[in-house]
Amino acid sequence: MAENNLGAMIMLSATNYALWKPKMEDILFCKDLHDPLENKGEKPTEKKDEEWIKMNRKTIGLIRQCIGHEVFHHVAQETSAYDLWTKLEKMYQAKTSRNKALLMRRLVNLKLQRGTVVEHTSEFQNLVNQLASIDLHFDDEMQALLLLSSLPESWETLVVSLSNSAQDGKLTMSTVKDALFNEEARKKEMGMTERSESQALISDGSRERGRGHHRNNGRGRPRSQSRGRSFKCFFCDQEGHIRRNCPKYKTHMQSSETASASASVMTDSDNDAFLVSSADENPDWVLDSGSAYHFCRDRKMFSTYAACEGLVRMANNTTNKVVGKGTVRFRMADGRSVTLTEVRHVPKLRKNLISIGMLDSMGCSIAAKGGILRISKGNKEMLRGTKTRGLYRLEGDVQTGRDAV
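Residue numbers (UniProt numbering): 1 to 405.
Keep in mind the hints are simulated off the structure, nothing from the lab. Note that beta-carbon positions come from the ideal geometry of N, C-alpha and C, so glycine has one too. There's no promise every hint is true.
Derived pair list, reagent style DSBU-like, types lysine-lysine, alpha-carbon separation capped at 35 Å [to be verified]:
1) Lys21 - Lys177
2) Lys170 - Lys23
3) Lys248 - Lys188
4) Lys31 - Lys58
5) Lys47 - Lys95
6) Lys377 - Lys187
7) Lys90 - Lys47
8) Lys177 - Lys100
9) Lys58 - Lys87
10) Lys369 - Lys387
11) Lys90 - Lys48
12) Lys40 - Lys95
13) Lys87 - Lys47
14) Lys43 - Lys95
15) Lys387 - Lys348
16) Lys380 - Lys170
17) Lys87 - Lys40
18) Lys111 - Lys21
19) Lys48 - Lys21
20) Lys90 - Lys177
21) Lys21 - Lys170
22) Lys54 - Lys90
23) Lys31 - Lys100
24) Lys111 - Lys170
25) Lys100 - Lys170
26) Lys111 - Lys377
27) Lys47 - Lys23
28) Lys23 - Lys100
29) Lys23 - Lys87
Pairwise CB distance ranges (calculated) [unchecked claim]:
30) Gly363 - Thr319: 25 to 33 Å
31) Lys48 - Ser149: 54 to 62 Å
32) Lys87 - Lys48: 23 to 31 Å
33) Pro22 - Val118: 17 to 25 Å
34) Lys369 - Gln125: 35 to 43 Å
35) Glu89 - Lys31: 15 to 23 Å
36) Ser303 - Ser161: 44 to 52 Å
Please work from the sequences and hints to get the whole structure.
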């Protein structure tokens, strides 16, 4: 019924009140049912009692048609449209310090990531509107600055350009939005141009190889490989194939499966063990490119744990037992919490190791510069290590956490 009479009106849920409220107000005004809310439940003198009772009931019915089941039960007994409206407002738009703090945190932490500029600015404006509805207002310049601060580092050139060109040192929302839309269009156009040029070069190369093959062997046949060769492998960084078809990736995965099998079954065979470097007995965590897995020497550091059996071969050709596997949680230097999964427990290991190769295979990016090693996933930095005595040591302590890598 709601769909037939109300078109594309959304249903109120526990998370969309800020969007639902103005849409619902528009519908009530269009249907001349806004008086019970505007008059705060009080009957106008010119209205007859029967007319007022009927209008109040119609307003309640229309609002309830646009409320989800999980919300409906909270207002099912309301007999006043105004009381129903204010109850919903108290449930989802309470002007408390806690709500203000939560919305402010969401606004400050909002970042442009994989979505479009339209989606990002829409979410930004939604948060600004929610804050305004609980009496927390930002002027136009402050909104413009907050929107600029939500851009990633790849947009830094635009941020600097806008800041330097602002009249009287003040930015406006319209100026910032126009610049964002234009920059996104430019980036898309450049990306399409680069892909088109790459496609043309690969197609020409394919035709040249096809003609040469025909001349040399006399049995050439038409081949259409330009589409496959236009892709770029994220594992070996070479064009012409994707990761799942990459020979290097397949070899890497086969070696990883072999190492995994050796860690789950107890064996004395040299072929079922894998190499791990070993040095001092410092309890620090070392980010190691030579280790096939994450290793921890202390059972107390694990947040979750399951017993298993296996062997690990050290760099000095000695072997140690793997006795368990689980997760370890860290509190990073900046206060973030990160959980490391698939960590092997090796009690006699001299140091704790975080496998860079394992993180790489899970989609993380690794960058080292100026004695700092950064492990990131998407636009989010997950781990960081500082170079000390030739080793990158993790900046963080074992704690509880949520973000898994």
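Consistency of the hints with the structure:
A hinted pair counts as satisfied when its Cα atoms are at most 35 Å apart, and Lys21 with Lys177 qualifies at roughly 25 Å. For the proposed pair Lys170 and Lys23, the alpha carbon gap of about 33 Å is at most 35 Å, so the pair holds. Among the hinted pairs, Lys248 with Lys188 is consistent with the structure: their alpha-carbon atoms are about 31 Å apart, no more than 35 Å. This hinted pair checks out: Lys31 and Lys58 have alpha carbons roughly 10 Å apart, not beyond 35 Å.
As the CA atoms of Lys47 and Lys95 are separated by approximately 34 Å, the hinted pair is consistent with the 35 Å bound. Restraint check: the Cα-Cα separation between Lys377 and Lys187 comes to about 22 Å, which is no more than 35 Å; the hinted pair holds. Distance check on the hinted pair: Lys90 and Lys47 sit about 29 Å apart at the alpha-carbon level, within 35 Å; holds. A distance of roughly 25 Å separates the Cα atoms of Lys177 and Lys100; the hinted pair therefore holds under the 35 Å criterion.
With a CA separation close to 18 Å, the supplied pair Lys58 and Lys87 stays within the 35 Å bound. Our distance criterion of 35 Å between C-alpha atoms is met by Lys369 and Lys387, whose separation comes to about 10 Å. Under the criterion of a C-alpha separation no larger than 35 Å, the hint pairing Lys90 with Lys48 is consistent with the structure, at around 30 Å. Simply put, Lys40 and Lys95 have alpha-carbon atoms about 19 Å apart, close enough for the 35 Å limit, and the pair holds.
Between Lys87 and Lys47 the alpha-carbon distance is near 25 Å, which keeps this suggested pair within the 35 Å criterion. Only pairs whose Cα atoms come within 35 Å are accepted, and Lys43 paired with Lys95 is accepted, the gap being roughly 28 Å. Proposed proximity of Lys387 and Lys348 is supported: the alpha carbons are some 24 Å apart, at most 35 Å. Under the criterion of a C-alpha separation no larger than 35 Å, the hint pairing Lys380 with Lys170 is consistent with the structure, at around 30 Å.
For a cut-off of 35 Å, the pair hint linking Lys87 to Lys40 stands: about 13 Å separates their Cα positions. Only pairs whose Cα atoms come within 35 Å are accepted, and Lys111 paired with Lys21 is accepted, the gap being roughly 26 Å. Taking the CA atoms of Lys48 and Lys21, the gap is near 29 Å; set against the 35 Å cutoff, the hint holds. Proximity of Lys90 to Lys177 is assessed by CA-CA distance (about 33 Å); at most 35 Å being required, the pair is judged to hold.
Taking the CA atoms of Lys21 and Lys170, the gap is about 33 Å. The hint holds against a cut of 35 Å. Using a Cα cut-off of 35 Å, the hinted pair Lys54 and Lys90 holds, with the two alpha carbons roughly 25 Å apart. With a C-alpha separation of about 33 Å, the suggested pairing of Lys31 with Lys100 holds against the 35 Å cut-off. As the CA atoms of Lys111 and Lys170 are separated by approximately 22 Å, the hinted pair is consistent with the 35 Å bound.
Our distance criterion of 35 Å between C-alpha atoms is met by Lys100 and Lys170, whose separation comes to about 26 Å. Between the alpha carbons of Lys111 and Lys377 the distance comes to roughly 14 Å, so the proposed pair stays at or under 35 Å and holds. Taking the CA atoms of Lys47 and Lys23, the gap is about 27 Å. The hint holds against a cut of 35 Å. For the hint pairing Lys23 with Lys100, the CA-to-CA distance comes to about 23 Å; that is within 35 Å, so the pair holds.
Straight-line distance between C-alpha atoms of Lys23 and Lys87 comes to about 17 Å, which keeps the hinted pair within the 35 Å bound. Evaluation of the 25 to 33 Å hint for Gly363 and Thr319 yields a pass: the beta carbon distance comes to about 31 Å. In this structure, Lys48 and Ser149 meet the distance hint of 54 to 62 Å, their C-beta atoms being roughly 56 Å apart. Taking the beta carbon of each, Lys87 and Lys48 are about 27 Å apart, inside 23 to 31 Å as hinted.
The hint said 17 to 25 Å for the Cβ distance between Pro22 and Val118, and at roughly 19 Å that hint holds. A beta carbon spacing of about 37 Å between Lys369 and Gln125 agrees with the range 35 to 43 Å that was offered as a hint. For Glu89 paired with Lys31, a C-beta distance near 20 Å keeps the hint of 15 to 23 Å intact. As the Cβ distance of Ser303 to Ser161 is approximately 46 Å, the hint placing it in 44 to 52 Å holds.
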